[in-house]
Amino acid sequence: MDQDIRELLSQRQKDRAFEVLLQRYQAKVFRLVYSIVGNSSRAEEVTQDSFLKIWQALAGYDGRAALSTWIYTIARNTSISHLRAEFYRKTLSLEEAPEPFAKAEPVLGRIEIERLLTGLPDEQREVIVLFYLQERSIEEVAAMLDLPEGTVKSHLHRARKAMATKLEVRR
Amino acid sequence: MTCQTAQELILEGFDCRIDEEQQTRLESHIAQCEMCRSFREAQRVLDAALAAHCVAPQLSPAFRSKLAHRIRGEKRQALQEWLPDLLHLGGGIVATTACFLWLPVAPAVVFTVGIALTFFSYVLQTVFRFWLEDLEGL
Numbered sequence: 120m121d122q123d124i125r126e127l128l129s130q131r132q133k134d135r136a137f138e139v140l141l142q143r144y145q146a147k148v149f150r151l152v153y154s155i156v157g158n159s160s161r162a163e164e165v166t167q168d169s170f171l172k173i174w175q176a177l178a179g180y181d182g183r184a185a186l187s188t189w190i191y192t193i194a195r196n197t198s199i200s201h202l203r204a205e206f207y208r209k210t211l212s213l214e215e216a217p218e219p220f221a222k223a224e225p226v227l228g229r230i231e232i233e234r235l236l237t238g239l240p241d242e243q244r245e246v247i248v249l250f251y252l253q254e255r256s257i258e259e260v261a262a263m264l265d266l267p268e269g270t271v272k273s274h275l276h277r278a279r280k281a282m283a284t285k286l287e288v289r290r
Numbered sequence: 090m091t092c093q094t095a096q097e098l099i100l101e102g103f104d105c106r107i108d109e110e111q112q113t114r115l116e117s118h119i120a121q122c123e124m125c126r127s128f129r130e131a132q133r134v135l136d137a138a139l140a141a142h143c144v145a146p147q148l149s150p151a152f153r154s155k156l157a158h159r160i161r162g163e164k165r166q167a168l169q170e171w172l173p174d175l176l177h178l179g180g181g182i183v184a185t186t187a188c189f190l191w192l193p194v195a196p197a198v199v200f201t202v203g204i205a206l207t208f209f210s211y212v213l214q215t216v217f218r219f220w221l222e223d224l225e226g227l
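So the protein lines, in turn, are chains H and X.
For reference, each letter of the first sequence is one residue, going 120 to 290 in the numbering used here.
For reference, each letter of the second sequence is one residue, going 90 to 227 in the numbering used here.
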């Protein structure tokens, strides 16, 4: 996996390697960032920042970790830094309020689902959102969050149980 | 099968496929257990709602061009950072070569003095740049 990018890097073709990497990972990184920051326009900004950092560090990539792990780590750290900066600025205007994760009409009310997701601990919310964004691939979610598959499953189960319990209590 | 095992299997079923034998045992448990039946129903509703709710967003069409613009800016900045060093080295080489060609001094002396002066002025320039950066930072 990603052998072509590694070869381009070893041939010192950084720009070409980055082009291939961007093509392969931009959508995945965007979804990962979106699952953390919860707003598509902010997620796009953070994805830009992440890829800029990846471009800056690409020549120094030593191949010890898998390229995907390295990329997802940069994206996660950039997202977390962004959230921290946001928290300190405390400028949550109405425009920047977390947007719903979809526009489709769900079985449960959109606001209700949003409330249930917001009530989850961060790691459970990230896992469950990413699970659906990544078309239910536990393997992919585990790689993106650098967690063992068992931990991803356990977060999913806890999140589902907690959400169902809250739903019961409200009804 | 206990209710706890049944509920774990129900949740497992939303993450991945469970084997036929487990499925059969689960169905027979659910047929007799009202609590697990309603648990499964609640989870089905939740799963459908989450699947409809968590739709992958799309990057805007301008994403690539904006990123390319930022990368070009980074490249320019990197060049600007190196430019004084490159100019300094080039100047040192030109000055030393000119002295070698026109001054009636032994080449070894010209090159030694040229290298020493280039190095010394480089240190001075670096100190001066750091000092300017400190001033800007204040």
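Mixed in with the good hints there might be a few duds.
[To be verified] Beta-carbon label-pair distances, calculated as ranges:
id, chain 1, residue 1, chain 2, residue 2, range
1, H, GLU205, X, ARG126, 23 to 31 Å
2, H, GLY238, X, ASP223, 45 to 53 Å
3, H, ASN196, X, ARG126, 43 to 51 Å
4, H, ASN196, X, THR207, 22 to 30 Å
[As the list claims (entries may be wrong)] No farther apart than 20 Å at their CA atoms in a straight line, the calculated lysine-lysine pairs in the PhoX-like style are these:
id, chain 1, residue 1, chain 2, residue 2
5, H, LYS133, X, LYS155
6, X, LYS164, H, LYS147
7, H, LYS147, X, LYS155
8, H, LYS280, X, LYS164
9, H, LYS172, H, LYS147
10, X, LYS164, H, LYS133
[As the list claims (entries may be wrong)] Counterexamples of contact, computed for chain H against chain X with all Cβ distances above 10 Å:
id, residue
11, GLN132
12, LEU236
13, TYR251
Hint data in this document are derived by calculation from the structure and do not stem from the laboratory.
Bear in mind the structure is a predicted one, so any value in this text is a computation, not a measurement.
For every residue, glycine included, the Cβ atom is placed at its ideal position computed from N, Cα and C.
Which numbered hints fail: Failing hints, ascending: 1, 4, 6, 8, 12, 13.
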